[in-house]
Amino acid sequence: MPRRKPSPTPGPFLLHAELVAERVPRPDRFPYTLPAVRGLGRLAFHPKVTFFVGENGSGKSTVLEALAVAVGLNPEGGSRNFKFATRASHSRLDEALRVARSHRQPADSYFLRAESYYNVATEIERLDEDDPRSPFTPRN
Amino acid sequence: MPSYGGVSLHEQSHGESFFALFRNRFRGCGLYLLDEPEAALSPTRQLQFLATLHDYCRRGSQFVVATHSPIILAYPEATIYRFGPDGVNPVAYTDTEHYLVTRDFLANPERTLRELFGDGEAPAT
Numbered sequence: 001m002p003r004r005k006p007s008p009t010p011g012p013f014l015l016h017a018e019l020v021a022e023r024v025p026r027p028d029r030f031p032y033t034l035p036a037v038r039g040l041g042r043l044a045f046h047p048k049v050t051f052f053v054g055e056n057g058s059g060k061s062t063v064l065e066a067l068a069v070a071v072g073l074n075p076e077g078g079s080r081n082f083k084f085a086t087r088a089s090h091s092r093l094d095e096a097l098r099v100a101r102s103h104r105q106p107a108d109s110y111f112l113r114a115e116s117y118y119n120v121a122t123e124i125e126r127l128d129e130d131d132p133r134s135p136f137t138p139r140n
Numbered sequence: 001m002p003s004y005g006g007v008s009l010h011e012q013s014h015g016e017s018f019f020a021l022f023r024n025r026f027r028g029c030g031l032y033l034l035d036e037p038e039a040a041l042s043p044t045r046q047l048q049f050l051a052t053l054h055d056y057c058r059r060g061s062q063f064v065v066a067t068h069s070p071i072i073l074a075y076p077e078a079t080i081y082r083f084g085p086d087g088v089n090p091v092a093y094t095d096t097e098h099y100l101v102t103r104d105f106l107a108n109p110e111r112t113l114r115e116l117f118g119d120g121e122a123p124a125t
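If you're matching them up, the sequences are chains U and L in order. Start counting the first sequence at 1; every next residue gets the next number (this note's numbering). Start counting the second sequence at 1; every next residue gets the next number (this note's numbering).
Worth double-checking, as some hints may not be accurate.
[What the hints assert, rightly or not] These stretches of chain U come out as covered by chain L in the derived footprint (C-beta under 8 Å, 3 or more residues):
| # | segment |
| --- | --- |
| 1 | 19-33 |
| 2 | 44-52 |
| 3 | 97-111 |
[Unchecked claim] A partial selection of chain L residues facing chain U, derived with a Cβ cut-off under 7 Å:
| # | residue |
| --- | --- |
| 4 | 31 |
| 5 | 32 |
| 6 | 60 |
| 7 | 73 |
| 8 | 75 |
| 9 | 80 |
| 10 | 84 |
| 11 | 85 |
| 12 | 87 |
| 13 | 88 |
| 14 | 92 |
| 15 | 95 |
| 16 | 99 |
| 17 | 100 |
[Stated by the list, open to error] Computed far set for chain L versus chain U, every beta-carbon distance over 10 Å:
| # | residue |
| --- | --- |
| 18 | 21 |
| 19 | 23 |
| 20 | 27 |
| 21 | 37 |
| 22 | 65 |
| 23 | 78 |
| 24 | 94 |
| 25 | 96 |
| 26 | 98 |
| 27 | 106 |
| 28 | 114 |
| 29 | 115 |
Derived by calculation from the structure, the hints in this document are not laboratory data. What you are looking at is a predicted structure, and each value in this text was computed from that prediction instead of being measured. All C-beta atoms in this analysis are idealised placements derived from N, C-alpha and C, irrespective of residue type, glycine included.
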């Protein structure tokens with residue numbers, strides 16, 4: 001498959017996301033038992049910033065994680081280059097989430113989550129070791 | 001270019017390194033998903049976060065941010081969705097629990113503490 005070079009066009013990149021009922025495998029299983037996930041409806045993204053608020057456990061991190069998977073990012077956090085996996089699985093909300101994207105390709109993308117920050121920092125330093133301009137490149 | 005100030009991300013404090021990553025690693029025209037970025041940031045850093053967020057947005061970036069921070073939520077060019085028992089619904093900034101509770105608390109901490117402790121008296125500080 002030919003690789004398309006991403007052009008640096010401005011956003012918006014995400015238009016909206018919705019839960020597709022027919023793709024929900026087990027409505028009685030997490031995360032589909034969460035009221036916010038069940039009642040997700042259709043989320044239209046602001047072209048600049050979209051905020052999710054709610055109590056811990058309300059499903060906002062689960063939806064964020066599913067968005068990350070939908071756009072090709074590691075569900076544990078990081079950029080597209082990040083390949084680490086310290087957990088066997090993430091919640092599979094992405095299988096039932098339909099994400100509408102614009103024709104624009106982001107020049108850069110990142111998923112940052114507090115709980116996996118340490119892994120992201122480790123991976124950045126590993127990637128930077130291959131970059132001669134990096135201050136972390138080992139000097140002998 | 002020393003992308004993180006030349007100091008290992010692991011040798012910086014969590015807040016410093018998060019901020020270094022946010023300030024130096026991100027680019028314009030990017031798509032960024034952030035889960036509770038305020039966890040590592042002091043209130044002053046959160047204000048700087050807003051300024052940086054604004055700069056990235058002006059350069060064509062798009063963000064989706066899960067947050068509890070009444071400071072970060074104040075970003076004006078945004079939609080706020082509340083995840084609650086009745087599903088996911090848009091809410092205005094000044095109608096969020098984050099804004100209302102923080103405003104009321106800071107307007108009169110002693111009264112809020114008295115109500116919380118239910119003993120008619122806040123401990124001396």
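Now for the hints, and whether the structure bears them out:
1. 19-33: Coverage by chain L is violated here, the residue count being 0 at a Cβ distance below 8 Å.
2. 44-52: Since three or more residues must qualify, the claim that chain L covers the segment 44-52 of chain U holds, with 9 doing so at under 8 Å.
3. 97-111: Holds: 6 residues of the segment 97-111 of chain U have a Cβ under 8 Å from chain L.
4. 31: holds (4 Å)
5. 32: holds (5 Å)
6. 60: With a closest approach of 3 Å, the residue 60 of chain L hint holds.
7. 73: holds (6 Å)
8. 75: With Cβ-Cβ at 5 Å, under 7 Å, it holds.
9. 80: This hint holds: residue 80 of chain L lies near chain U, its Cβ roughly 4 Å from the closest one there, short of 7 Å.
10. 84: holds (6 Å)
11. 85: holds (5 Å)
12. 87: Where the cut-off is 7 Å and the nearest Cβ of chain U is about 2 Å from residue 87 of chain L, the hint holds.
13. 88: holds (5 Å)
14. 92: violated (12 Å)
15. 95: violated (11 Å)
16. 99: With Cβ-Cβ at 10 Å, over 7 Å, it is violated.
17. 100: violated (12 Å)
18. 21: Violated, because the least Cβ-Cβ distance between residue 21 of chain L and chain U comes to about 7 Å, which does not exceed 10 Å.
19. 23: Answer for residue 23 of chain L: holds, closest chain U Cβ roughly 13 Å.
20. 27: violated (4 Å)
21. 37: Answer for residue 37 of chain L: violated, closest chain U Cβ roughly 7 Å.
22. 65: Incorrect as stated: the minimum Cβ-Cβ distance to chain U is 5 Å, not above 10 Å.
23. 78: violated (4 Å)
24. 94: At about 13 Å from chain U, residue 94 of chain L clears the 10 Å cut-off, so the statement holds.
25. 96: violated (6 Å)
26. 98: violated (6 Å)
27. 106: Given that every Cβ of chain U is farther than 10 Å from that of residue 106 of chain L, nearest at about 19 Å, it holds.
28. 114: holds (25 Å)
29. 115: Consistent with the label, residue 115 of chain L stays out of reach of chain U, its closest Cβ about 21 Å off (over 10 Å).
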